[in-house]
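J.: Sequence:
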Amino acid sequence: MIIWNPWHGCRKISEGCEHCYMYFLDGKRGIDTSQVIRTSNFNLPVQHDRHGNFKLPPGMQVYVGLSTDFFVEEADEWRPEAWRMMRQRSDIAFRLLTKRTHRIRECLPKDWGNGYENVMLSVTCENQRRADERLSILLDTPAIHKGFMAAPFIGKINADSYLATGQIEEVLCGGENYDGARPCKYEWVKLLSEQTAAHNVTFNFIETGRIFVKDGKRYHIPSKRTQSYQAYKSGLSHYNGKPLFKLTSPAGTLFACEPHTPHFRDHCATCGSRMTCNGCSDCNNCQQSEK
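Using this note's numbering, the letters of the sequence shown correspond one by one to residues 14 to 304.
Keep in mind that the hints are not guaranteed to be accurate.
Straight-line C-alpha distance at most 20 Å; calculated PhoX-like pairs for lysine-lysine [stated by the list, open to error]: (1) Lys169 / Lys123; (2) Lys203 / Lys169; (3) Lys255 / Lys237; (4) Lys230 / Lys255; (5) Lys246 / Lys227; (6) Lys255 / Lys169; (7) Lys203 / Lys259; (8) Lys255 / Lys227; (9) Lys198 / Lys255; (10) Lys198 / Lys259.
These are calculated hints, taken from the structure and not from any lab test.
Can you make the complete structure from the sequences, with help from the hints?
T.: Right, dumping it as structure tokens:
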């Protein structure tokens, strides 16, 4: 999975942030996550290799801002340039995640129109309260591609009325990890799986989280690889062929060079994230997650 963090850091705004994984990981390194800083990898989408080619080849899917919130206030001065790079790299699909749905409209670029063909706007919803709050705003926001992620999944979500609009192409979900992890329940995941299937929406159960409850039994699963395997084994994920990004070269024509071919390892075959993953980036996180 390729992740682009143009800036790092965020401020907690809802109950899903209470045990934020970035605060936990940064805390181990003595970093104050509440301080938002521009990263050294800010211009990753337009970086070139020594041969003059883009480091990120065409056809990739890139998750944006997993160590921050793309619409956090402190990044307002940098965001226009980030939009410009996404517009320039029209041959790459960018997946944005945010809890700050109330800021999306005011932070969209002037040429956004109905949205960019290569950008998906997704919101994270940890429970019913936040789903009702954020999905209603998302549905009222212009975008060609929309989705949501129930993460950390700490409360039952009935999303049937939102899925019935036909605007949402994809739903992802996963439990909570690290210190203070709250339980994720099998019946919550199953409900979302059934509702997305009824509306022909892609559903990806990525991981169980550290504390998973099924049939009244509480399971403690510290290994993220095991969490991912159990999510895969549940059989609750399903793919309907969307989202289908219309990617073109920066010049406006189809790929001018060989598009990206995902690279998967043996254990990826039973990974809960494979459906929405762009392949292995050889980051060594798999080994680290076993510790």
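J.: Each hint needs a verdict: does it hold in this structure or not?
T.: Hint by hint, here is what the structure shows:
{"no.": "1", "hint": "Lys169 / Lys123", "in the structure": "violated, 37 Å"}
{"no.": "2", "hint": "Lys203 / Lys169", "in the structure": "holds, 10 Å"}
{"no.": "3", "hint": "Lys255 / Lys237", "in the structure": "violated, 26 Å"}
{"no.": "4", "hint": "Lys230 / Lys255", "in the structure": "violated, 34 Å"}
{"no.": "5", "hint": "Lys246 / Lys227", "in the structure": "holds, 14 Å"}
{"no.": "6", "hint": "Lys255 / Lys169", "in the structure": "violated, 25 Å"}
{"no.": "7", "hint": "Lys203 / Lys259", "in the structure": "violated, 31 Å"}
{"no.": "8", "hint": "Lys255 / Lys227", "in the structure": "violated, 29 Å"}
{"no.": "9", "hint": "Lys198 / Lys255", "in the structure": "violated, 26 Å"}
{"no.": "10", "hint": "Lys198 / Lys259", "in the structure": "violated, 36 Å"}
Hints 1, 3, 4, 6, 7, 8, 9, 10 from the earlier list are contradicted by this structure; the remaining hints agree with it.
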